[in-house]
Amino acid sequence: MKVLIADDDALSRRLLQKTLERAGYEVIAVENGRLAADQICHPEGPRLALLDWVMPELDGPSVCREVRRKRGERHVHLILLTSKDSKRDIVSGLESGADDYLVKPFDPDELKARLRSGMRIMELEDTLLEAREEMRYKATHDSLTTLLNRGTILEVLARELTRTQRERSCISILLGDIDHFKVVNDTYGHPIGDEVLREVGHRLLASVRSYDSVGRYGGEEFLLVLNRCEGDRALFRAEQIRNAIGQIPISTSKGALPITLSLGVHASPGFVASTIEDVLSSVDDALYEAKAAGRNCCRLAGFCAGRCLQRRD
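Letter 61 of the sequence shown, counting from 1, is numbered 61 in the UniProt record's numbering, and no numbers are missing.
By construction, these hints were calculated from the structure, which means they are not laboratory data. Fair warning: this is a prediction, and the values are worked out from it, not measured in the lab. Virtual Cβ for every residue (Gly too), placed ideally from N, Cα, C. Please note that a few of the clues may not be correct.
Said to hold, decoys possible - Here are the computed lysine-lysine pairs in the BS3-like style, where the Cα-Cα straight-line distance is at most 25 Å: (1) Lys182 with Lys254; (2) Lys138 with Lys18; (3) Lys87 with Lys104; (4) Lys112 with Lys84; (5) Lys104 with Lys2; (6) Lys70 with Lys2; (7) Lys182 with Lys104; (8) Lys104 with Lys84; (9) Lys112 with Lys18.
To be verified - Computed Cβ-Cβ distance ranges for the label pairs, DEER-style: (10) Thr162 with Glu239: 27 to 33 Å; (11) Ser281 with Arg209: 25 to 31 Å; (12) Ile276 with Gln247: 31 to 37 Å; (13) Ala256 with Pro43: 42 to 48 Å; (14) Glu155 with Arg209: 18 to 24 Å; (15) Arg209 with Asp107: 34 to 40 Å.
Whole structure, please, built from the sequences with the hints as guidance.
And the structure:
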């Protein structure tokens, strides 16, 4: 565990450093408050710090205030070292953002005990943050495919439609449906169907850019939001994605299964004020056309195709 020591007295700094190194800590020692704040506020900076109250450039309480303002969610345990022992001074130090204080001269064993206490607090906080992140992930992702769930992908779509209208840019929306998925479930069983869904989700995610979004829209349907994808490229991108699913059979515990995907495509330029309901209706109609055309193909929404043809003319 890294510990930062900030003290402008060179002798005190060296003695404290030796004490902590013998206790097994990795020590970073600095001589003023400005250097201390810069070290602690770095994303990979130490999470335990011993700060002398009186230092050049920034005193200990000022370092505490800056760290609390800049460091964000990840907790740093700050201990003030001071010869001030009045209640008013102690309260002032704690209100600046310090977690603890030690009055000089202090006992080395007490110092190490307080550092261990700080480590327990940080471990507890890390556990709580991990639990919160896990809850957030479960609330926004589909448990089977690990893609965004229906509610979240619709939120993404609504947000991106608003952005494209504001920036007068373009967005393409793809709605894909696994062909004959009911036959897979009926023939091989739902566990095999789940294997197919997971692999299709994996291939879809691997087929888009890092700033695109993929969600499980429902059952065997998937909604893809392709940012800054012009209308005349939307169908090309859809064909790439369709081939990523259909070119290689999906390996399952019952053998390799040929799986294909039908896709409806809607390209929405930012200067057209499209509601999310209009977009979903349009892309759903295009998907129905792809299914009616024999499946394993892509169809561009009618009015989108018309605009593309007008641009070519």
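Outcome of the hint check:
Distance check on the hinted pair: Lys182 and Lys254 sit about 16 Å apart at the alpha-carbon level, within 25 Å; holds. Distance restraint check for Lys138 and Lys18: the Cα-Cα separation of roughly 46 Å exceeds the 25 Å cut-off, and the hinted pair is therefore not satisfied. For the suggested pair Lys87 and Lys104, the alpha carbons sit about 15 Å apart, so the restraint of at most 25 Å is met. At most 25 Å may separate the alpha-carbon atoms for a hinted pair to count; Lys112 and Lys84 meet this at roughly 20 Å.
For the given pair, Lys104 sits about 22 Å from Lys2 by alpha-carbon distance, which is consistent with the 25 Å threshold. In summary, the hint linking Lys70 to Lys2 is supported, as the alpha carbons are separated by about 19 Å, within the 25 Å threshold. Taken as a hint, the Lys182 and Lys104 pair is broken in the structure, with Cα atoms around 75 Å apart against an allowance of 25 Å. With a CA separation close to 8 Å, the supplied pair Lys104 and Lys84 stays within the 25 Å bound.
Only pairs whose Cα atoms come within 25 Å are accepted, and Lys112 paired with Lys18 is accepted, the gap being roughly 13 Å. For the pair Thr162 and Glu239, the beta carbons lie near 28 Å from each other, so the given range of 27 to 33 Å is met. Between Ser281 and Arg209 the beta carbons are some 26 Å apart, a value that agrees with the proposed interval 25 to 31 Å. Between Ile276 and Gln247 the CB atoms are about 32 Å apart, so this pair conforms to the stated range of 31 to 37 Å.
Roughly 45 Å separates the CB atoms of Ala256 and Pro43, a value that falls within the hinted 42 to 48 Å. A hinted range of 18 to 24 Å for the beta carbons of Glu155 and Arg209 is consistent with their spacing of about 19 Å. In this structure the supplied range 34 to 40 Å is violated for Arg209 paired with Asp107, their Cβ-Cβ distance being about 58 Å.
When the structure is compared with the earlier hints, violations turn up for hints 2, 7 and 15 and for no others.
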